[in-house]
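Participant: With chain A fixed as given, assemble chains B and C onto it according to the hints.
Listed below are the residues making up each chain.
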Amino acid sequence: MSDELKPDELLDKIDHTPSGGDWMDSTVQIRPGMYCYAAKPESVQTLGLPNARAWNPVEDDWKLPENWQEIIHNGIKERLERFRTFKIFMDICVRCGACADKCHFFLGTGDPKNMPVLRAELLRSVYRNDFTAAARLLKFLPGGDRLAGGRPMTLDVLKEWWYYFFQCTECRRCSVFCPYGIDTAEITIMGRELLNLLGLNIDWIATPVSNCYQTGNHLGIQPHAFKDMLEFFTEDIEEITGVNVEPQFNKKGADILFITPSGDVFADPGTYTCQGYLILFKYLKDKYGLDVTWSTYASEGGNFGFFTSHETMKRLNAKMYAEARRLGVKWILGGECGHMWRVIHQYMDTMNGPADFLEEPVNPITGTKFENAKSTKMVHITEFTADLIKHGKLELDKSRNANRIMTFHDSCNPSRGMGLLEEPRYVIKNVCDNFFEMPENTIREQTFCCGSGAGLNAGENIELRMAGGLPRANAVKYVHEKFGVNTLGTICAIDRAALSTLMEYWVPEVEVYGIHELVGNALILPGEHEREMDLRMEPLPGKEDEDE
Amino acid sequence: MNQKYMLPLAGVFLLFLLAYAGVEGAGLQWFFGIVIPYLAVIAFIWGFVNRVMGWAASAVPFRIPTTCGQQKSLPWIKQNCIDNPDKASGVFIRMLLEIFLFRSLFRNTKAAFNRNEKNKLTYSWEIFLWVGALAFHYAFLVVIVRHLRFFLEPVPACLTFLEFMDGIVQIGLPGIFISGIVLLFAALFLLARRIFDAKVSYISLAADYFPLFLIIGIAVTGIAMRYFTKVDIVGIKEFTMGLVTFHPVIPAGVGGLFYAHVFMVSLLFAYFPMSKLMHMGGIFLSPTRNMANNTRAKRHVNPWNYAVDVHTYEHYEDHFREKMIEAGLPVDKKE
Amino acid sequence: MEIDKQLDQAREIILNKWFDATIHSYPQDTARIFAKSSNRFDNPVGSATRQSLDAALGLIVDSLSTYRELLQKNGSALPEIDENALEEALDSVIRIRAVQSFSASMAVEFVFELKTILKSVLENPVNEVIYNLVDKVALAAFNRFMKCREDIFLLRANEAKRRIHRAFERAGLVTELAEEELSPARTNL
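So the protein sequences, as listed, match chains A, B and C. If you use our numbering, the first sequence corresponds to residues 1 to 548, in order. If you use our numbering, the second sequence corresponds to residues 1001 to 1335, in order. If you use our numbering, the third sequence corresponds to residues 2001 to 2189, in order.
Quick caveat, the hints were computed from the structure, so don't treat them as lab data. Keep in mind the model is a prediction, meaning the values are calculated, not measured. Hints are not guaranteed to be accurate.
Computed footprint of chain A on chain B, listed as stretches where at least three residues anywhere in the stretch have a Cβ under 8 angstroms from a Cβ of chain A [what the hints assert, rightly or not]:
hint : segment
1    : 1049 to 1058
2    : 1063 to 1071
3    : 1095 to 1107
4    : 1154 to 1168
5    : 1271 to 1278
6    : 1293 to 1304
A virtual CB, placed ideally from N, CA and C, is assigned to each residue, including glycine.
Extracted from the complex, chain A is given alone in its bound form:
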């Protein structure tokens, strides 16, 4: 396959050289295993984004437009006016170094330019050169631009931007420790927007964006195939439980529209989480008459547009409200996903609202008003399930998860861009008896990223991902050794895919589970036969012998 390293590429690997000296002087070495392939022109064209062409990052010629420096300059200027965050973060960093060792990519790769402060300085140095009074004054002195900490926008600088802005997962951990709240995610977002003005995206982002725009989801699953896939789950679940959980699609007048990342519909082990949702909705329908619909049009919760530009994010996100309006549902329920929830929580209402055609979300079964979602009108599924459990509305058999010794990975976006910390823990503790936290400095707002977020979970950059995920894996390894943890719970589709690979490399004894997979295992459906298997079709605890 195309994403495998060729032998000569492996030999090309460059050793670490002690840098010393000035970081502005060293030129970037684009290393195999650390970068993602360039966007294909077709994918860039779908949305009419600029400078679609075939190009290769390791070649000298990046096929840039003639006036690329001018485009970048104007792009920075425009964004300084549009985003106070950008302007302030360009101006006020004092380079205190508090963030330096907070980045998982720095801790894992050891590359000093992965220190958050330097990642930002890559852009800041150009900003200082082009936009500040100090640089204008000092330019008259020999070497004055360096004194002002500026450098002109050259091709080397551009390549450095590209290399390092696609080595940031926008996880915001550094921002927690910054005395001024400088958020490297915000700077990476701006950096990537600027790069996209020149058509410098990576394929792992550009192609899902293109798919999502045309077919409604990142994988490009067409409507009939989407339905087929959920029907396969239905068959599996019927085999396991004896109950037909058949979902509804594009149903007008349903109570709730449910949207989850398409990864859950397609990729293991997210598929088991998806089966958990199906079981939950069937249960609620039979017991309480709750009418939930899926949509094939808005069949993607995730938003890789967020990793491209604010505008692209808005264009992809528009489908959620459009579909909710068309179907006439009361409110929207969102599945387990990380960046999807940052977009919904902090951007959606502002970009595509107001959602005045929806009702303020109320759980019809418990009567709970979701006050915190009364404007956006979208509720996180763990908020929803936690509320159901709290009111005793779910019949749960914890023993079916008795073989799972759990820990929980807080996904970056729900923890630092939302604050969803207790809800998933509450659900876990109610469906499983064995739960152990990882060390304090690796969870909640200090959680370490999986190393594959923000569109970086490709195959060709696997070394970057494994190195970036090291701090997370290291903490999992600790609880595995100390408490015998064998299950890593998570509420993010990228995590489910990426952490599985990460665990395979660092702690192979640990499996990755979505929270609603555990719910699906524990929930006792009306009319089900005695279950022998869990959703992965493995024997349930206590049923192992019968299986043989």
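Facilitator: For chains B and C alone, coordinates are given in the frame of chain A:
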């Protein structure tokens, strides 16, 4: 030798000499004592206001606080009202803690003291960044407030009280002001950290060293005047009162050291708005800290929100209608 | 004093020197942070490296004392070291270096630093026996490095499989998807 700090060091030293020699040799008291301070204050005020207005002029399109605790959600889940505020009051407290206690920097220090595998107590230097930064900023504040006595007549009681507290450790004559000493040592510590901590030295720019050297220069000249050369306080008060009442006078018997001190302070003022020192103003406006995390409850409006091309459902159905009908999916138009 | 006892006594010093030498294969600014004995979760590379080196050093000491005992008992012996245990001991440090863009030689070079360090620290002349043991450590490190590199290639293959739910394979749905559609760009989250 590292250019990044040698140049600023040489620069500050030259500037000091310039003022000292200018006064002692060329008798330019009026220039360094009157013209420069007025210009510096104008540059400071104009620059500061300009910078803050510039920031304020930029839009805040999205509400993107960094949340550092449990959100407000279900009534029975305890919210962290300060680290994840959903109301203005919480934001206010968060900002207070941030501004007065450098809370985020403190987070850094949680892991400062640990026991390693062999149960030996280990520590990292990070806590000293927080301590050093606090000491530096508070000492600076006290020193500035204390200097107000030169610009106010009569001196308000609260200033006298502050001076009394500052000089409560009575050693020598004139009594030692703790603030000046702390300021000097804290600045030296921050400088040493920049030079000797490889990670910080790697990220530091000339622009990080220059203000430090300048502040050290100011502190040293100030301390020298108070404790060693014992300048004529009455003359200086006459001079400073002249400046604030816009009737500048040049007192007799005040030497070059004083003008060098004033010159460096003026430079700091003039340099302030065009440098990273503006973090003093920026922290108030930082959107990841000064906004409430209530985006889903209360709609935030983006002033430049513009319409974009989207792939509508109609397009989608047109494209997939046959397949949808075949798969038994509901469609809006059946043909 | 017997060399193994001497080595055991000086173990802390040797370990510190070896650790420093290893950590300085990273850029200077990085090495400074990795070398800090901070919380193991804030500094996984530093703590895993130290732990690995310590374990390997322990195996060398054990091997030397067994060798001495055998020598005293039988008059002749060959130094033995459990190669599996050695590979296990080195796993943490090598597993990390295998994903950090080191070339193979750079990834295991740190082992040879031990020779120089032992020569400078130990009073007794360092003999062939010790050099042989260090060579064995190097070979084990190289083995483990290759194993990790193979793991990495396997990871990709397995990940590509997981990107398609096995139910679809059973159902023959994936036959609809051409090989190129299985490439990562198409099967995204």
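Participant: How does the segment 1154 to 1168 of chain B fare against chain A when you require at least three residues with a CB closer than 8 angstroms, holds or violated?
Facilitator: violated (count 0)
Participant: Examine the segment 1049 to 1058 of chain B for residues whose CB is less than 8 angstroms from any CB of chain A, and state whether their number is three or more.
Facilitator: holds (count 6)
Participant: Mind checking, does the segment 1095 to 1107 of chain B have 3 or more residues with a CB under 8 angstroms from chain A?
Facilitator: holds (count 5)
Participant: Taking 8 angstroms as the C-beta cutoff, is the stated coverage of the segment 1271 to 1278 of chain B by chain A satisfied by three or more residues?
Facilitator: Since 4 is at least three, the answer is holds.
Participant: Do at least three Cβ atoms from the segment 1063 to 1071 of chain B come closer than 8 angstroms to Cβ atoms of chain A?
Facilitator: holds (count 8)
Participant: Check, residue by residue, whether the segment 1293 to 1304 of chain B contains three or more positions whose beta-carbon lies closer than 8 angstroms to a beta-carbon of chain A, and give the verdict.
Facilitator: Since 11 is at least three, the answer is holds.
Checked against the numbered hints above, the structure breaks only hint 4 and satisfies the rest.
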